[in-house]
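Trainee: Here's the letter readout for the chains.
There are 4 protein chains.
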Amino acid sequence: MAVLLEFSMTPLGEGESVSQYVARSLDIIEASGLDYRLHAMGTVIEGEWDEVFDVVRRCHEAMSADCDRVTCSIKIDSRKGATGRLTSKVKSVEQKLGRTLKSTEGS
Amino acid sequence: MAVLLEFSMTPLGEGESVSQYVARSLDIIEASGLDYRLHAMGTVIEGEWDEVFDVVRRCHEAMSADCDRVTCSIKIDSRKGATGRLTSKVKSVEQKLGRTLKSTEGS
Amino acid sequence: MAVLLEFSMTPLGEGESVSQYVARSLDIIEASGLDYRLHAMGTVIEGEWDEVFDVVRRCHEAMSADCDRVTCSIKIDSRKGATGRLTSKVKSVEQKLGRTLKSTEGS
Amino acid sequence: MAVLLEFSMTPLGEGESVSQYVARSLDIIEASGLDYRLHAMGTVIEGEWDEVFDVVRRCHEAMSADCDRVTCSIKIDSRKGATGRLTSKVKSVEQKLGRTLKSTEGS
Chain A
422 MAVLLEFSMT
432 PLGEGESVSQ
442 YVARSLDIIE
452 ASGLDYRLHA
462 MGTVIEGEWD
472 EVFDVVRRCH
482 EAMSADCDRV
492 TCSIKIDSRK
502 GATGRLTSKV
512 KSVEQKLGRT
522 LKSTEGS
Chain B
422 MAVLLEFSMT
432 PLGEGESVSQ
442 YVARSLDIIE
452 ASGLDYRLHA
462 MGTVIEGEWD
472 EVFDVVRRCH
482 EAMSADCDRV
492 TCSIKIDSRK
502 GATGRLTSKV
512 KSVEQKLGRT
522 LKSTEGS
Chain C
422 MAVLLEFSMT
432 PLGEGESVSQ
442 YVARSLDIIE
452 ASGLDYRLHA
462 MGTVIEGEWD
472 EVFDVVRRCH
482 EAMSADCDRV
492 TCSIKIDSRK
502 GATGRLTSKV
512 KSVEQKLGRT
522 LKSTEGS
Chain D
422 MAVLLEFSMT
432 PLGEGESVSQ
442 YVARSLDIIE
452 ASGLDYRLHA
462 MGTVIEGEWD
472 EVFDVVRRCH
482 EAMSADCDRV
492 TCSIKIDSRK
502 GATGRLTSKV
512 KSVEQKLGRT
522 LKSTEGS
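Protein chains in written order, with the numbering used here: chain A, 422 to 528; chain B, 422 to 528; chain C, 422 to 528; chain D, 422 to 528.
Chain A with its partners taken away, still in its complex shape:
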């Protein structure tokens, strides 16, 4: 079953600018081949349970390599028989409103 997983991973104790660590995660996400969208507060990826959690595990390993403390927040949304939800969830809200919104889908 495909799930949507949103996550945000941050080192504590490496200063207040952490984009170089976030970049490492995005490298891993892209290399996974899974569809994803980056936004200002995290990244949403879509895939099978084991696939998406394997990405999170590898991002954690890469960050833990030189960061002693790491925090991560994750949200999961799973729905039977539904795929392509990275796009369709946004479109569904737009359809209800009858107009496009400022979104990950380029509107």
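Because identical chains cannot be distinguished in the list, a pair is counted as satisfied if it fits within a single copy or across any two copies.
Here are the simulated DMTMM-like pairs of lysine to aspartate or glutamate, each with C-alpha atoms no more than 20 Å apart in a straight line:
id, residue 1, residue 2
1, Lys501, Asp489
2, Lys501, Glu472
3, Lys496, Glu472
4, Lys496, Asp456
5, Lys512, Glu526
6, Lys496, Asp475
7, Lys496, Asp471
8, Lys501, Glu469
9, Lys523, Glu451
10, Lys512, Glu451
11, Lys501, Glu482
Hint data in this document are derived by calculation from the structure and do not stem from the laboratory.
Got chain A; can you put chains B, C and D on it based on the hints?
Mentor: What follows is chains B, C and D alone, placed relative to chain A:
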């Protein structure tokens, strides 16, 4: 101080399709005039503390009007002297990687 | 309407040990007079919407006083006509199982 | 490396009372043998990365068996060389304040 606030608000007990309720929140967000980005797992808005939390409070009132139970997750990121972070946080990660990513900023 | 609000607030860039900052938040929570429970990953408080968010706002002000970047995650659970949920939600799960669990309610 | 994992898993579309589903998760958590604490907004467990995520995966399988849509929020806190943090993080805040608090540790 401007903050980034990401939130996702969902009624429990109104069935598994909830986009008509999410649409109500997006109406309120747009009417606030604050800059925002919708993605598949929530919405990120940027503004002063009181402004962004007032939006969340009004979304909760609108959803509670006909939903007996409502859950909401919120994340805040505040940084002194920083504005325009809805865009700049994504760009900063892209600069570290030297390439554009699939993001809310249309890449 | 009484709501449950769980939150966790952390400074970025103040080192990996942050309990002195968390202590400041607990001081504010206790002084509010609202019922609360601290656990290893955050604090749950119960009160009216404006009351609980005022506590979060004041915790953020206290932390921002000497921390340039602050992150915070919040979860809300609101249910019409329900109070005392700090205790009753745990008890309800225990009743379903027919035994006590390791919990904030001292079991 | 031992990590703290907090999670909360909820079915959408199964009505507004969901404690019977949460009880199923607590059964799985207890059977895992990992140390845990239940509170009003979720459960915190402590263990190796693979152990704690295996618990979450099995809770999701158990809930998905008869729930078409499931949402889950997870938070991770990992710190090198630290164990027993289910208790020590609460105690550390209490030491900073010089008094006991209302917490999962029975104060």
